[in-house]
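In the order they appear, the protein sequences are chains S and Y.
Note that the first sequence covers residues 1 to 156 in this note's numbering.
Note that the second sequence covers residues 1001 to 1565 in this note's numbering.
Hints are computed from structural coordinates only; laboratory data are not their basis.
Predicted, not measured: the structure shown is a model, and the values here were computed from it.
Note that the Cβ used here is the ideal one computed from N, Cα and C, for glycine as well.
Don't take every hint at face value.
Said to hold, decoys possible - A short list of chain Y residues far from chain S (calculated; beta carbon distances all over 10 angstroms):
no.	residue
1	V1118
2	G1296
3	K1367
4	F1399
Stated by the list, open to error - Label pairs and their calculated CB-CB ranges:
no.	chain 1	residue 1	chain 2	residue 2	range
5	Y	G1119	S	I121	30 to 38 angstroms
6	S	P42	Y	Q1335	52 to 60 angstroms
7	S	H133	Y	G1551	40 to 48 angstroms
8	Y	D1110	S	P40	27 to 35 angstroms
9	S	D155	Y	Y1483	49 to 57 angstroms
10	S	T79	Y	T1079	36 to 44 angstroms
11	Y	G1027	S	R156	36 to 44 angstroms
12	Y	E1457	S	V34	35 to 43 angstroms
13	Y	Y1037	S	V147	51 to 59 angstroms
14	S	V115	Y	I1168	36 to 44 angstroms
15	S	L89	Y	M1030	30 to 38 angstroms
16	S	P93	Y	F1112	47 to 55 angstroms
17	Y	G1119	S	N114	47 to 55 angstroms
18	S	V34	Y	D1133	46 to 54 angstroms
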Amino acid sequence: MQEERRVISVIVANEASALSRISGLFSARGYNVVSLTVAPIPESDYSRLTIVTVGSVRVIEQITKQLHKLIPVLRVSDTQEMIEKEMVLTKFPITEDLNNISVLANAYNGKIVNVGTDTIIVMIADEPKRVEHFLTAIRRYHPLEIVRGGTVAVDR
Amino acid sequence: MQISGAQMVIEALIAENVTTVFGYPGGAIMNVYDEIYKQEGFEHILTRHEQAAIHAAEGYAKVTGKVGVAMITSGPGFTNAVTGLADAYMDSIPLVVISGQVPMSLIGTDAFQEIDAVGISRACTKHNYLVTDAKDLPRILKEAFYIAASGRPGPVHVDIPKDVTAQIEEFVYPENVDIPTYKPTVKGNKRQIKKAVEAIAEAKRPLFYLGGGVINSNAAEEVRAFVKQTGIPAVETFMARGTLRYDDPLLISMLGMHGSYAANMAMSETDLVIALGARFDDRVTGKLSEFAKHAGIIHVDIDPASISKLVNADYPIVGDVKGVVAEMIELAKEQVDPKRYLPWLETVDHFDKLHPLRYIEDTDRIKPQWVIERVGELLGDDANISTDVGQHQMWTAQFYPFTRPRQWVSSGGLGTMGFGFPAALGVKRGAMDKISINFTGDGSILMNIQELMTAVEKKLPVINIILNNNYLGMVRQWQTLFYNKRHSETDLSMQPDFVMLAESFGGVGYRVSTKEEFDAALKDAVEKNVVAIIDVKVERLENVLPMVPSGGSLFNMMLLENKES
Ligand SMILES: Cc1ncc(C[n+]2csc(CCOP(=O)(O)OP(=O)(O)O)c2C)c(N)n1
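When you get a sec, could you build the whole thing from the sequences and use the hints?
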């Protein structure tokens, strides 16, 4: 069956074990996790998780149903109408071409956020597909470290 | 009222009208046991193993329809109970299991008898709690009972550190539960129900596929009425035995791996499956791509995740079977004409005549199926029936004449050897007016034999009938059929003396090798009303037939007629 990538947004009560319940569900049932981000929703008793997963339509449907079955889960949405962004931090040697790096970062909604004696750090925030392009483009500047933040998404 | 966390546990149980608790004490739960010593609000039954405490609570819950309650200590007490939790989870049995935990200050230090109990039970419970403050205890216990019993039922585990059971706080037991994130859908969608009934009215060869959810939702009465009204034949899953009376003319019997030829053929030929509280388990469907190939599917289930999980439902209805069927009955009055299905009933009847469920009698040795039929003849409706796991379990599901829901208690989803006897104890406690029979195997009975002590002490006269084939029979059968008779580690020629074993615990033992001896032993055990083991020497090499080899299609059965010997 055709595999597809899907972003699932989950709103879950703030309790110590909520995250392990969700990650446990994925591991126990053999679902894929591409990325998972979580943070409290301001001024509420809930947190939002954004899960990027890959699977057949049937598997994705099971994932949303099984997530919903967890007692602390308030809402699960997996519409394909999501605005997605991912943040990436990248460290380069200061000896690389800083001008080009800066222009590149600009093109991907980012900039240089730190300059040290040996390295500089660049931040970008963009759609997951564009993030992939960025990561390909920067290869020639010999990045020392790449930290991806995982996708966050919101319904359109 | 200012009371300790331990007292809160007791107060909550009383508030929930719990009359029976099964358990086993230990260090971390001692504060609670100290309160149990003082009170008279409920009976505590000390099993001799934690696994048995959970199974007993399961049997009790099954037979009474109430939430079963068990109590255990931390560490090994908890890990012993895990099999029971998993068993209850797989069979959707409502339980509240309370465990002690090491004090909060020691959690995470690998303290004596510490184990991450909620970490372990997460995978085999509907929900669980680690209580970190006695202030939360009343709410959590209230929620635990509610979650266990509502929606798709299941076990809920509450882990309470020792210092929390000692903590003194104000106690007010909540009247209501308010969990904003948990609102099971009980009422089925009206439009979908209407469409489903229209589909039934238009079908030519519809078939009811009744699952354990019918029993869990106490819907057997409605389902019986619906089947009768529509004149549509029905097959039951293993878990649903007793939904229809064994002699109901529309019941075709059990389907699945060891279902009857007629049931499996009906499922293969139907044009509309009406699945009620059934989950399309692989032991039922066989090869999925061949399952009910020509049929539309109506699927009613309280658990949305069960619907279209394995087989796509054309008419998915999320809701409680009882209410949904009641609505269907009203609509079907106008629309469904039973006469329409008469030719289909003839076809089904033909299947049944072609290969009825039966076994071949033997004059020398007792056939295990005979024993089950015989108990049915002699006790019938007067007995509640539990089993362990193996061939004896399948024969019981095939041959016992069940007359009512909750008469049948067996481990379906997990298939837990050692389940039968402790479950039968709980069944007996829950229904003292019925005889409690446990059909077991010479392998299974040894897995929780220590419960003889509990049964004798608490005067719970369970009659264990061992269908003794000196084999781990079910595994031996697979070895015979699929491993060229290489009977690796399944020969149980070496056995304890089950009669002496029963008697050493203060029960009564009977050794039986003829039919007359069997009748006499059963009569005696029933009359004396004692804890008993009846050790019946049966034909060693009998196979459970028919059989759909694992992963095969339902219509491709190994039948009695062409069995290997
Ligand atoms: C705890 C556990 N261990 C192993 C099994 C695998 N198993 C399934 S049936 C069976 C044989 C059961 O033998 P017995 O209790 O003598 O019953 P019989 O099949 O002979 O009727 C075994 C070992 C199981 N179901 N449960």
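Okay, the hints, checked on the actual structure:
In this structure V1118(Y) is not separated from chain S by more than 10 angstroms, as the shortest Cβ-Cβ distance comes to only about 7 angstroms. Once the 10 angstroms rule is applied to beta carbons, G1296(Y) is consistent with being away from chain S; the minimum gap is 18 angstroms. No beta-carbon of chain S comes within 10 angstroms of the beta-carbon of K1367(Y); the shortest separation is about 42 angstroms. With a least beta-carbon separation of about 36 angstroms from chain S, F1399(Y) lies farther than 10 angstroms from that chain, consistent with its non-interface assignment.
Checked against the given bound of 30 to 38 angstroms, the beta carbons of G1119(Y) and I121(S), roughly 37 angstroms apart, stay inside it. P42(S) and Q1335(Y) have their C-beta atoms about 53 angstroms apart, which keeps the hinted 52 to 60 angstroms range intact. Between H133(S) and G1551(Y) the Cβ separation comes to about 45 angstroms, which falls inside the hinted range of 40 to 48 angstroms. The hinted range of 27 to 35 angstroms is satisfied by D1110(Y) and P40(S), whose Cβ atoms lie roughly 31 angstroms apart.
For the pair D155(S) and Y1483(Y), the supplied restraint of 49 to 57 angstroms holds, since their beta-carbon distance comes to about 55 angstroms. Under the hint 36 to 44 angstroms, the C-beta atoms of T79(S) and T1079(Y), about 42 angstroms apart, fit the expected range. At about 56 angstroms, the beta-carbon gap between G1027(Y) and R156(S) misses the expected band of 36 to 44 angstroms. For the hinted restraint 35 to 43 angstroms between E1457(Y) and V34(S), the CB-CB distance of approximately 56 angstroms leaves it violated.
For Y1037(Y) paired with V147(S), a C-beta distance near 58 angstroms keeps the hint of 51 to 59 angstroms intact. In this structure, V115(S) and I1168(Y) break the distance hint of 36 to 44 angstroms, their C-beta atoms being roughly 59 angstroms apart. For the hinted restraint 30 to 38 angstroms between L89(S) and M1030(Y), the CB-CB distance of approximately 52 angstroms leaves it violated. Take P93(S) and F1112(Y): their Cβ atoms lie about 53 angstroms apart, and the range 47 to 55 angstroms holds.
In this structure the supplied range 47 to 55 angstroms is violated for G1119(Y) paired with N114(S), their Cβ-Cβ distance being about 39 angstroms. Remark: the range hint 46 to 54 angstroms for V34(S) to D1133(Y) is contradicted by a beta-carbon distance near 37 angstroms.
Of the numbered hints stated above, those contradicted by the structure are hints 1, 11, 12, 14, 15, 17 and 18, listed in ascending order.
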